[in-house]
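Number of protein chains: 2
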Amino acid sequence: MDRKHFIQNTALTAAGLSFLPKYSFPNMNKKTSRGLQLSFEPYNLQLKHVFTLAGSSRSTTPDMQVKIRFEGVTGHGEASMPPYLGESQESVGKFLSAINLQQFTDPFRMDEILEYVDKSAPGNTAAKAAVDIALHDLTGKLMNQPWYKIWGFSAEKTPFTSFTIGIDTPEIVRQKVREAEGFKILKVKLGRENDRQMIETIREVSGIPLCVDVNQGWKDKIFALDMIHWLKEKGVQYVEQPMPKENPEDIAWLTQNSPLPIIADEAIQRLTDVQKTIGVYSGINIKLMKCTGMREAHKMVNLARANNMKVMLGCMTETSCAISAAAQLSPVVDWADLDGNLLISNDLFKGVEVINGKITLNQVPGIGIIPL
Amino acid sequence: MDRKHFIQNTALTAAGLSFLPKYSFPNMNKKTSRGLQLSFEPYNLQLKHVFTLAGSSRSTTPDMQVKIRFEGVTGHGEASMPPYLGESQESVGKFLSAINLQQFTDPFRMDEILEYVDKSAPGNTAAKAAVDIALHDLTGKLMNQPWYKIWGFSAEKTPFTSFTIGIDTPEIVRQKVREAEGFKILKVKLGRENDRQMIETIREVSGIPLCVDVNQGWKDKIFALDMIHWLKEKGVQYVEQPMPKENPEDIAWLTQNSPLPIIADEAIQRLTDVQKTIGVYSGINIKLMKCTGMREAHKMVNLARANNMKVMLGCMTETSCAISAAAQLSPVVDWADLDGNLLISNDLFKGVEVINGKITLNQVPGIGIIPL
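Respectively, the protein sequence lines represent chains E and X.
Per this note's numbering, the first sequence starts with residue 24, numbered consecutively.
Per this note's numbering, the second sequence starts with residue 24, numbered consecutively.
Bound-form chain E, shown alone (with noise of 0.2 Å):
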């Protein structure tokens, strides 16, 4: 029996817990129950090429893998660390270890369920999306539907997903592009020194639609205008993040003479953030581990709809299990950049996919994945 079989299966002793990472399993001290049964492993992603973005690099991403148990139906869900936003195993292992869901023993209660988990501490957003992505697929499952069903959506009308090429030579730039055929729109990353030469390297190869984001990195309102019409000239779709978030009043000014949509990324991170970004911004990027899950990522898109905002789905590098929670949600969105399950090499799950650089989903109840 490998560990991780041996960490959902077996009763452990105190005896037992020693070579185990103390946050690598049900919580021992509360009382099993018929309630819903929660468990967790970490998992560290490979990265396919190593991610370099301002100024540091990495070649894995720190993991959570996550389960929810109830009357034998098992439901996945899974929280990814990027270290720059401040979440680790061992917080999200803290946070999980802290919470406990034997109480409750209907999954359905998801209001009452996910509020006790997000008042149970602060932040944690990704922990917390893990466990609201478990308790999705679960329900999903019990329901024998996957969640764009449940939610009253249709399957064909998911958009494409960009495919983000990262910052690097012109020369590697040029055959990133090469090797990304098959995708129809391509994300780059802005907001250097050398922003019109990535352009206009990936133009000598390719006349793909793009997309851009800045992440903050112009600090002039004239510039960055003047920067998102020459953009829209070389094929440029939107632009996130173009300015800081501190500065809403320029962006508003950006947004109101753009030629292009401005999408708020570092600015928006949950449902409350959304109100701000009306009359600032041209719609917002949704991703799950910074807004606590499919739930409120469902009640964001409806917002930003109700004040006719424009809407994409954004990721970090994840298994399919995130991706294809947050998939279920695409229907319903302009634009996705869910590529992040395609730029690791040790995927855990067959789930939505990309055919002919559209996100496609499938029959599978609850999120749509199945364990490799």
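Each hint can be trusted.
Given that identical chains are not distinguished, each listed pair holds provided it fits within a single copy or across any two copies.
SDA-like mimics (lysine to any residue), calculated; alpha carbons at most 25 Å apart, straight line: (1) Lys142 <-> Asn330; (2) Lys268 <-> Pro105; (3) Lys322 <-> Arg293; (4) Lys142 <-> Ser120; (5) Lys244 <-> Gly214; (6) Lys142 <-> Gly175.
No lab work stands behind these hints: they were computed from the structure.
Mind docking chain X on chain E? Use the hints.
Just chain X now, kept in the frame of chain E:
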């Protein structure tokens, strides 16, 4: 075989049609397929007591009972058409005859189906609600869960429902209040000359909490504020539509100064109306027959909540079909006025119940009803 079953089960011949009202059978001009099968039948709700409102009175409410069948499962829906709202059995029949649900072979595509229904003609909100409710009943049954569970709510969080005491002579008002024993809050229609007398008559026999619906009856904001202060002293909890909806500035002033929440009723119909109530009212009253059904109502609740507004659920005189449909949302609202099924003597369903004044949900999949 009675007419109802005849209509549902028989492939009607042209010769057999003449004795049937034009609007009471499935579309015959559309090819039979494996799609959704819509049928409908006029029904007249018999009121237990003559209903008096703004000078008119009536003892029946026209209604349309709707079914959507799919793969042997039947979803029930209902349109209730109190005359002052402008729909009738004829208009609903005409609307339902003109839509083609057989083109849809998957009832879970609710976004698409209900968008098609909504766009097929303007207005007709009760007819649209009937389709929405039947579709929810059907899909809930296919998932084997009631919608309050699919939505993630907890059954015991339902509110009390108010029970309406109609305008009448003091003697009959006192008698009605005594008969309303068991309810925990009574609703009183105000906006006439005898507002204070009506409240004082009730207070002669009961200290029960009250809510009032002014139906736009007060024309002066100072008078309205004085009345609301007086009503608060008399144990009133909230006030519906105190002044004409055409005076949002006066109502905003009233809301700002009022010691009681001010709820939009005539001022709100659908999701797109929610925005204009923000900053004007404390909350909104959502009615399925006005907002086109459960799906839009659910979105209205979330939008109102995101703007820190109160939410109440209202109804028309309806069978337990539409009342039980609305009640699925009731765990997440502040107040409910879902007494419409209690006012009729010829209900067709057993559905949600009022126990000790509280809306009590059941475990029946869909909208929670069983035909009597």
